[in-house]
Amino acid sequence: MEFYTNALSHVLSFGPLTAMIGATLLGVFIGALPGLNPVMAIALLLPLTYSMDPLVALAMVAGIYNGSMYGGAIPAILLRIPGTPASIATTFDGFPMADRGEASKALKIACWSSAIGGIASAIALMTMGPMLARVTLFFGPAEYFWIAIFGMASVAVMVGSDPVKGIMAAVLGLLIGTIGIDNLSGQARFTFGQTWLLGGLDLIVVLVGLYALPPVLQLAEKCDLKGLSAAQLKLADVPFKKGEIRGLIPTWLRASGIGIGVGILPGAGGNIAAFLSYNAAKNASDDPSSFGKGNPQGVAAAECGNNADNAASMIPALALGIPGNVVAALVLSALTIHGLQPGPQLFHQNPTLVGGFMMEMLITSVLIFALGGAVATRVFAQFQRLPGVLLVPTILILMCVGVYVINGRAIDLWVMLAAGFAGYFLEKVNFPLAPVILGMILGPMAEQSVRRALLISRGDMTELVTRPISAVLAAVTVLVIVWPLVKMVRRRRKPAEQ
Amino acid sequence: MEKRQDIVLGLIFVGIGIFAAWMATSYKGASGTYPMVLGLVLTLLGATVSIKALRQPTDQPRALVNAPAKLGTAALVSAIYVALVIPLGFYTASFLLVLAMPLALGFRRLVYALTVAAVFMSLIYLVFSVLLEKPLPRELILSLNAVGG
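Line by line, the protein sequences are chains A and B.
Each residue of the first sequence is one higher than the one before, counting from 1 in UniProt numbering.
Each residue of the second sequence is one higher than the one before, counting from 1 in UniProt numbering.
Rather than coming from a laboratory, the hints here were simulated on the basis of the structure.
Think of the CB as a built atom: it goes at the ideal place given N, C-alpha and C, for glycine as much as any other residue.
Treat each hint with caution, since some may be false.
As the list claims (entries may be wrong) - Cβ-to-Cβ under 8 Å is the rule here; a few derived chain A residues that face chain B:
(1) L175
(2) L217
(3) A220
(4) K241
(5) I245
(6) F369
(7) R385
(8) L390
(9) L413
(10) V415
(11) E427
(12) R451
(13) T466
As the list claims (entries may be wrong) - Below, computed lysine to aspartate or glutamate pairings styled on EDC-like, alpha-carbon distance capped at 20 Å:
(14) B:K134 x A:D287
(15) B:K52 x B:E2
(16) A:K241 x A:D287
(17) B:K3 x A:D162
(18) A:K428 x B:D59
(19) B:K3 x A:E244
(20) A:K428 x B:E139
(21) A:K242 x A:D202
(22) A:K293 x A:E244
(23) B:K52 x A:D162
(24) A:K241 x A:D286
(25) A:K293 x A:D99
(26) A:K282 x A:E244
(27) B:K134 x A:D286
(28) A:K241 x A:E427
(29) A:K487 x A:E427
(30) B:K3 x B:D59
(31) A:K428 x A:E221
(32) A:K487 x A:D53
(33) B:K52 x A:E427
(34) A:K428 x A:D162
(35) A:K222 x A:E427
Claimed, not checked - Far from chain A, by Cβ distances over 10 Å, these chain B residues were calculated:
(36) D6
(37) I18
(38) V41
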C-alpha cells in the first residue's frame with residue numbers, strides 16, 4: 001500500500017496531472033479521427049519525451065491510450081466508421097442507436113463503459129503486477145531467454161492470419177536488433193562501414209515509420225477532400241429509461257473480466273476483447289436478436305471490453321519486460337528512453353515510477369468520465385469536419401519533427417520513410433508488423449541472456465532446458481509455436497480429404 | 001495475385017536470410033553465431049511462405065495499392081519534403097508541405113489550406129521551438145537575410 005501512496009503524491013503534482021488531463025483530451029481527439037490510432041499517436045509522442053520527467057512522459061502515454069480507446073467510439077456511433085480497430089464492435093449497436101436518434105445516449109454509454117473498463121483494468125494491473133514481479137526474482141539468464149522467446153512467439157503466432165509470416169516478422173525484428181556494435185564482443189555487425197549504424201537502428205525511428213506512415217499513405221489514397229457536414233454531427237439528448245443504467249452493470253462486470261483476461265495474454269488486442277465481450281453479452285441476453293439493431297448492452301460490452309484490455313496488457317510488460325501488444329512495447333520504449341530497464345528489478349529500483357504509472361492508468365480512466373462527456377464529445381466530433389487530405393501533411397510533419405529531434409540527423413528521416421513504405425506494403429500482404437517491433441525490443445535481451453547462460457554453463461546447451469522453470473518455459477514456448485502450425489496443417493487437410 | 005505476392009515475399013526473405021547468414025560468417029566467435037542462426041531461420045521461413053503459396057490451389061485477388069496515382073503522389077511529395085528539410089529549414093519546408101500535399105492530392109480550397117498551414121505551423125513553433133526548445137534545421141531564409149544584412 002505504501003508503494004502506491006508514495007507514488008500517488010508524485011502523480012498528483014502539477015506536471016503529471018496536467019499531462020494526464022491534456023493527454024486524455026488529446027487521446028479522445030485522436031481516437032475520434034478515423035485513420036489515426038493510439039499506437040501512431042504514442043509513437044509520435046515518444047521522441048518528444050526525452051527531456052521530460054519519466055512520470056510526465058508516462059502520464060501522457062496513459063492518457064492517450066485510455067482516451068483514444070474511448071474516442072474511437074465517437075465516429076463508430078455517429079458514422080459507423082470505427083475510429084480505432086478496437087471500436088469495430090461498437091458500430092454494431094452504436095450506429096443503429098444513432099440512426100434512431102439516440103446518438104447522445106449511445107455516446108454516454110460508451111463513455112461510462114470505457115471509464116469503467118479502464119478502472120477495472122488498472123485495479124488488475126495494480127494488484128497482479130507486483131505479484132508477478134515477485135515471482136520473477138527466481139529467474140536467471142536461461143529463464144529470461146525463454147521469456148523473451150515466449151513473448152515474441154506468442155505475439156508472432158497470434159497476430160495476423162498466417163503464423164509462419166508472424167514468426168518470420170519476429171525473426172526479422174531480431175535480425176534488425178543485431179545491427180550495430182555487439183555489446184559483449186565489440187564486433188560491429190551489419191553496419192556496412194556506416195558510422196551512423198554503429199549504435200544500431202533507433203527503435204523509435206523504425207517504429208514511427210512502421211506505424212505512423214502506413215495510415216498516412218492510406219489517408220492520401222482515400223483522398224477525402226470535404227470532411228463531414230455539420231448536419232451529420234448533430235446530437236439530440238434522449239433520457240435514459242428507468243432501470244436502464246442498472247441493467248448495464250452485469251455487462252460491465254462481464255466485459256471487464258474478459259478485457260482483463262485478453263489484455264494479459266500476449267498478442268491479443270483491444271479489438272479481440274471488444275468482440276469477445278460483445279459476444280458474451282449477446283449470449284447472456286434474454287433477447288439476443290436485438291443485438292445489432294441498437295441494443296445499448298452491445299455498446300456497453302464492446303466499449304467496456306476494449307478499455308479493460310488497456311492496463312492489463314501492461315502486466316507482463318512491467319513485471320517481465322515482455323510487451324503483450326504494441327502499446328505495451330511503446331511503454332517499454334518510453335522507459336528505456338529514460339535509462340530504465342523494464343522487468344522485475346524496475347519494481348525494486350523505481351517503485352515510484354512503476355506505482356506512479358499504474359496510478360496514472362487508473363486516473364486517466366476516471367478522467368474519461370469527466371472529459372469524455374457529451375459536451376466534450378460534441379466538440380471532438382466537430383474535428384471530423386476537417387478534410388482528410390489536410391491531415392496527411394500535418395501528421396507527416398509531426399513524424400519528421402519527432403524523429404529529427406532524437407539524434408538531430410537527416411538520415412533518420414530517410415530510415416523512417418523507408419520503414420514506413422516497407423510497412424505499408426508488408427501490411428498489404430498480411431505480414432504483421434507488431435512482431436518486428438517486439439523482435440527489435442526483445443532481441444538484445446534474448447541474445448545477451450542466452451550468451452550469459454552459456455558462459456555460466458561453460459558452453460553447455462542443456463543449461464537452457466534443465467532448470468525447472470526454464471524447462472517449463474521452453475515447453476510452453478514450443479507448444480505456442482507448434483500448436484497453431486499443427487492446426488493450420490489440419491485445416492488444410494480437411495477440405496482436401498472431403 | 002495473392003499467390004504471386006506471397007511467392008515474391010518469401011523469396012525476398014530468403015534473400016535477406018542468406019545475405020545475413022553470409023555476412024555473419026565474417027564476425028568473430030559468438031557474435032556471428034546468433035545472426036547466422038537468425039539468417040538461416042529467416043531463409044527457411046521465407047522458403048516455407050513461397051512453397052506454401054506455390055502449392056495453393058486457388059489465387060485470391062489482393063490489391064497491393066488501392067489508388068496508385070494518389071499513393072505515388074503522396075510518396076513523391078513526402079520524399080521531396082524530407083530532401084528539403086535540411087537545405088530549406090524545417091519551418092519553410094513544412095509550411096510548403098502543408099500547402100503542396102493537399103494541392104497535389106486534388107484539394108483546391110487554397111485559403112482553407114493556408115489557414116490550416118498558418119495555425120498548424122504556429123502551434124508546432126510554440127510547442128517545439130518555444131516550449132520544448134528543440135533544435136531544428138535552420139531556416140535558409142534567415143541565413144540569406146543575415147548575409148543580405
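Right, here's what the structure says about each hint:
1. L175: Hint holds; L175 (chain A) Cβ to chain B Cβ min 5 Å, cut 8 Å.
2. L217: Holds. Min distance 6 Å.
3. A220: Where the cut-off is 8 Å and the nearest Cβ of chain B is about 4 Å from A220 (chain A), the hint holds.
4. K241: violated (43 Å)
5. I245: violated (39 Å)
6. F369: violated (28 Å)
7. R385: Violated, because the Cβ-Cβ distance from R385 (chain A) to chain B comes to roughly 11 Å (cut-off 8 Å).
8. L390: holds (5 Å)
9. L413: holds (5 Å)
10. V415: violated (10 Å)
11. E427: Violated. Min distance 10 Å.
12. R451: Since the shortest Cβ distance to chain B is 6 Å, the answer is holds.
13. T466: violated (21 Å)
14. B:K134 x A:D287: violated (58 Å)
15. B:K52 x B:E2: Roughly 12 Å between the alpha carbons, so the hint for K52 (chain B) and E2 (chain B) holds.
16. A:K241 x A:D287: Roughly 18 Å between the alpha carbons, so the hint for K241 (chain A) and D287 (chain A) holds.
17. B:K3 x A:D162: Given that 20 Å is the threshold and the Cα spacing comes to 14 Å, the pair holds.
18. A:K428 x B:D59: holds (16 Å)
19. B:K3 x A:E244: With Cα atoms ~51 Å apart, K3 (chain B) and E244 (chain A) exceed 20 Å; violated.
20. A:K428 x B:E139: The hint is violated at about 38 Å.
21. A:K242 x A:D202: Roughly 56 Å separates the two Cα atoms, so the pair is violated.
22. A:K293 x A:E244: holds (17 Å)
23. B:K52 x A:D162: The hint holds at about 11 Å.
24. A:K241 x A:D286: holds (18 Å)
25. A:K293 x A:D99: holds (10 Å)
26. A:K282 x A:E244: holds (16 Å)
27. B:K134 x A:D286: Not OK: K134 (chain B) and D286 (chain A) at ~59 Å, beyond 20 Å, violated.
28. A:K241 x A:E427: violated (45 Å)
29. A:K487 x A:E427: violated (23 Å)
30. B:K3 x B:D59: holds (6 Å)
31. A:K428 x A:E221: Distance of about 14 Å is within 20 Å: holds.
32. A:K487 x A:D53: violated (47 Å)
33. B:K52 x A:E427: Holds, at about 19 Å.
34. A:K428 x A:D162: holds (13 Å)
35. A:K222 x A:E427: Holds: K222 (chain A) and E427 (chain A) sit about 17 Å apart, inside 20 Å.
36. D6: The claim is violated: D6 (chain B) sits with its nearest Cβ about 7 Å from chain A, within 10 Å.
37. I18: holds (12 Å)
38. V41: Label violated. Min Cβ-Cβ 5 Å, cutoff 10 Å.
In the structure shown, a violation is registered for the earlier hints numbered 4, 5, 6, 7, 10, 11, 13, 14, 19, 20, 21, 27, 28, 29, 32, 36 and 38, in ascending order.
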